[in-house]
Amino acid sequence: MSRFLVRRVLGALVILLIISAITFGLFYAIPRDPAMMSCGKNCTPDMLAQIRHNLGIDHPIPVQYWDWLKGVFVGRDYAGFGNCNAPCLGYSFANREPVLGTIMDRLPTTLSLAFGAAVVFLIFGVGAGMLAAVKQGKFLDKFASSASLFGSSLQIYFVGYVAMFFLVSKLHLFAQPSYTPFTEDPVSWFSGLLLPWLTLAIIFTANYTRMTRSQLVEQLSEDYVRTARAKGLSRANVFFRFAWRGAMGPIVTVFGIDLGVLIGGAIITESTFSIQGIGRLAVDSVNKSDLPMLLGVTILSAGAIVFFNIIVDAVYALIDPRIRLA
Amino acid sequence: MTSTDQQPFLSVRDLKVHFSTEDGVVKAVDGLTFDLAKGKTLGIVGESGSGKSVTNLTILGLHDRDRTAIDGEILLDGKELLTASERELERLRGNKMSMIFQDALASLSPYHTIGKQIGETYRKHTGASKKEARERAIEMLKRVGIPQPDMRVDDYPHQFSGGMRQRAMIAMALVCDPELLIADEPTTALDVTVQAQIMDLLKDLQQEFGTAIIFITHDLGVIADIADDVLVMYGGRCVERGTKKEVLRAPQHPYTWGLLGSMPSLDGPVDVPLNPIPGAPPSLLNPPTGCRFHPRCTFTEKIEGGLCSTEQPLLKITDGRGAACHLTADQRREFFADYAATRSH
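Protein sequences, first through last, are from chains A and B. In this text, residue positions in the first sequence follow our numbering: the first is 7, and each later residue adds one. In this text, residue positions in the second sequence follow our numbering: the first is 201, and each later residue adds one.
A couple of the hints might just be wrong.
[What the hints assert, rightly or not] For the chain A half of the interface with chain B, some residues (derived, Cβ under 8 Å), not all of them: (1) D52; (2) A55; (3) A181; (4) S240; (5) A323; (6) R330.
[As the list claims (entries may be wrong)] SDA-like cross-link-like pairs, simulated, lysine to any residue; straight-line CA separation at most 25 Å: (7) B:K296 x A:V223; (8) B:K342 x B:E288; (9) A:K141 x B:L515; (10) B:K216 x B:G272; (11) B:K279 x A:T50; (12) A:K148 x B:H263; (13) A:K76 x A:S152; (14) A:K141 x B:E534; (15) A:K144 x A:A27; (16) B:K316 x A:K141; (17) A:K141 x A:V223; (18) B:K316 x A:D326; (19) B:K444 x B:K342.
Treat the hints as calculated values from the structure; they're not laboratory data. These numbers were taken from a predicted model, which means no experiment stands behind them. Note that CB positions come from ideal geometry on N, CA and C, so glycine has one too.
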């Protein structure tokens with residue numbers, strides 16, 4: 007187990023390194039000068055050069071990358087800003103705030119959104135999938151299958167706006183979506199995020215319904231499930247302890263990826279409901295050519311996906327004894 | 201099977217198992233009757249799709265109830281199984297009647313240890329504690345010849361060899377000392393040495409507990425080894441029945457001749473070519489009219505008036521012996537003698 011962890015964490019670091027280098031390169035491939043953005047209308051070449059120097063983009067790109075990388079591991083000293091301790095992700099080009107601090111401020115919002123939605127889509131998606139598998143071919147199965155097909159063809163920016171208009175503005179069934187820290191006021195936290203959770207969950211729910219159903223239907227036709235029934239075990243016992251056990255692996259795998267993606271920011275959901283999470287931060291940093299912020303968000307997103315992948319592999323080994331971690 | 205004065209332990213009467221599919225009704229079993237006494241072994245022989253496995257899943261009540269129409273009677277120790285509730289069947293399965301499946305790797309749960317899978321059956325039917333169930337599992341593993349059973353009990357099926365898995369499967373089926381054991385090709389996937397060991401094990405256990413065994417196979421060699429009586433199935437019907445000796449030495453049905461002819465013999469001459477039955481097993485969706493074997497039978501022209509393709513030959517059983525064929529008894533004797541002669545030169 008510890009060998010597995012060491013190996014996977016080292017692998018993850020390499021992946022993040024590659025991703026950061028690619029992001030760096032791609033950023034400069036865009037013909038857009040971040041210095042111009044903050045120079046304003048009455049820009050002189052001297053001012054531009056000065057800004058470039060202040061932002062640290064007057065060096066060659068590999069040197070800039072090296073400086074950034076060094077900052078992550080040993081910290082960095084910024085002229086005019088002071089010391090930035092490791093892990094230093096730099097300062098935003100746009101507002102001169104430390105990148106790490108901004109991300110940490112936004113993270114609880116995105117985590118609340120992601121985990122809340124995950125609870126909703128896991129309960130409804132897996133639940134509906136189980137029902138459909140049990141009632142194979144019956145009305146309930148057909149209903150769940152069509153509903154999930156319908157659900158998966160919906161789009162958040164459509165459902166979100168429609169829900170905002172009818173459920174919030176017209177009928178006042180939901181509170182205006184917003185984020186209040188849980189520690190401040192749990193009730194507002196819940197009511198402000200309820201609509202975004204449900205909206206975000208719709209699309210995922212459909213996916214999990216279909217996946218759960220197909221996995222279970224496959225498992226239920228396995229020989230070992232028949233053997234368990236031949237031993238005199240009840241239908242319910244066989245369903246949960248045998249078929250569901252087998253169906254869980256693929257579901258956990260997809261769930262790990264989904265969770266990682268969501269923590270990287272539910273960009274459309276956050277934009278639709280004007281929630282200031284990581285997703286919004288990513289969009290803003292692209293619009294403002296804010297390289298340090300963009301790099302920070304990218305590293306966080308990639309890190310979340312890599313992290314949940316490691317968790318998924320460990321969980322998979324717990325579910326299925328045939329898989330050995332090494 | 202031949203005893204007439206008392207109720208047989210297992211009695212199947214005119215069993216029909218029909219599945220409804222999108223293409224129509226599949227008559228997987230179409231009127232099957234047999235008896236089995238305690239301590240006896242009935243071998244059921246036939247090709248794939250002849251209804252062997254379906255019959256036995258139906259005895260256990262493991263068929264898909266939504267899509268299956270069933271008719272007839274299955275009496276186990278006087279109790280009607282076809283009308284029994286799911287709860288009653290659950291109490292019988294693994295307890296009074298149990299089953300050994302063909303592919304032990306696929307049939308054992310990959311997620312639970314061998315000991316747990318054996319012990320679970322025991323706990324379900326006896327209400328034993330976890331500790332008692334574990335001890336029982338070790339005892340069973342020992343009895344089926346697994347070395348170091350107290351260590352191996354915590355292994356998962358994938359850590360066992362093929363032969364050991366089949367032994368574990370047998371241990372699981374026998375953990376509650378069942379009175380009826382259905383073995384569905386339990387040795388097909390094993391090499392011959394292991395196969396012989398498994399057969400010996402089954403015979404020993406049968407002697408010890410007086411278990412009634414139904415042994416499903418397409419291997420006549422295995423039948424010769426283990427069965428008391430033999431039932432040959434073709435296209436969902438019984439085409440021939442009798443004691444092992446009767447069916448193997450003096451078979452009455454052209455299909456049984458075909459089965460014997462397609463099997464190499466150890467004591468006959470080496471250069472006799474194998475003689476497979478031409479054609480393929482019938483579709484049970486659209487079974488042939490008359491005798492279901494007639495499209496593949498080489499003796500149809502011996503019957504007057506094309507009777508084979510129009511009329512289903514009746515299975516007349518006297519003293520447990522009979523075959524469903526339009527050939528007369530004299531014709532059968534004559535043709536089989538000719539047939540046997542070509543097999544041994």
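Checked hints:
About 71 Å separates the beta-carbon of D52 (chain A) from the nearest beta-carbon of chain B, more than 8 Å, and the hint is not met. With 8 Å as the threshold, the beta carbon of A55 (chain A) stays out of range of chain B, its nearest partner Cβ sitting at about 66 Å, so the hint is violated. Checking A181 (chain A) against chain B by beta carbon gives a least distance of about 44 Å; that is not within 8 Å, so the hint is violated. Taking 8 Å as the C-beta contact cut-off toward chain B, the hint placing S240 (chain A) at the interface holds, the least distance being around 6 Å.
The beta carbon of A323 (chain A) comes no nearer than 12 Å to any beta carbon in chain B, farther than 8 Å, and the hint placing it at the interface is violated. Among the interface hints, the one on R330 (chain A) is violated; its C-beta lies about 10 Å from the nearest C-beta in chain B, farther than the 8 Å criterion. Distance check on the hinted pair: K296 (chain B) and V223 (chain A) sit about 29 Å apart at the alpha-carbon level, beyond 25 Å; violated. For the suggested pair K342 (chain B) and E288 (chain B), the alpha carbons sit about 31 Å apart, so the restraint of at most 25 Å is broken.
With a CA separation close to 41 Å, the supplied pair K141 (chain A) and L515 (chain B) exceeds the 25 Å bound. Note on K216 (chain B) and G272 (chain B): the hinted pairing holds, with a Cα-Cα distance of about 6 Å set against a maximum of 25 Å. For the hint pairing K279 (chain B) with T50 (chain A), the CA-to-CA distance comes to about 101 Å; that exceeds 25 Å, so the pair is violated. A C-alpha spacing of about 23 Å is found between K148 (chain A) and H263 (chain B), which places the hinted pair at or below 25 Å, so the restraint holds.
Restraint check for K76 (chain A) and S152 (chain A): the C-alpha separation of about 53 Å exceeds 25 Å, so the hint is violated. Taking the CA atoms of K141 (chain A) and E534 (chain B), the gap is near 57 Å; set against the 25 Å cutoff, the hint is violated. For the hint linking K144 (chain A) to A27 (chain A), the alpha-carbon distance of about 53 Å lies beyond 25 Å, and the restraint is violated. For the proposed pair K316 (chain B) and K141 (chain A), the alpha carbon gap of about 29 Å is over 25 Å, so the pair is violated.
At most 25 Å may separate the alpha-carbon atoms for a hinted pair to count; K141 (chain A) and V223 (chain A) meet this at roughly 10 Å. With a CA separation close to 15 Å, the supplied pair K316 (chain B) and D326 (chain A) stays within the 25 Å bound. Proposed proximity of K444 (chain B) and K342 (chain B) is contradicted: the alpha carbons are some 32 Å apart, above 25 Å.
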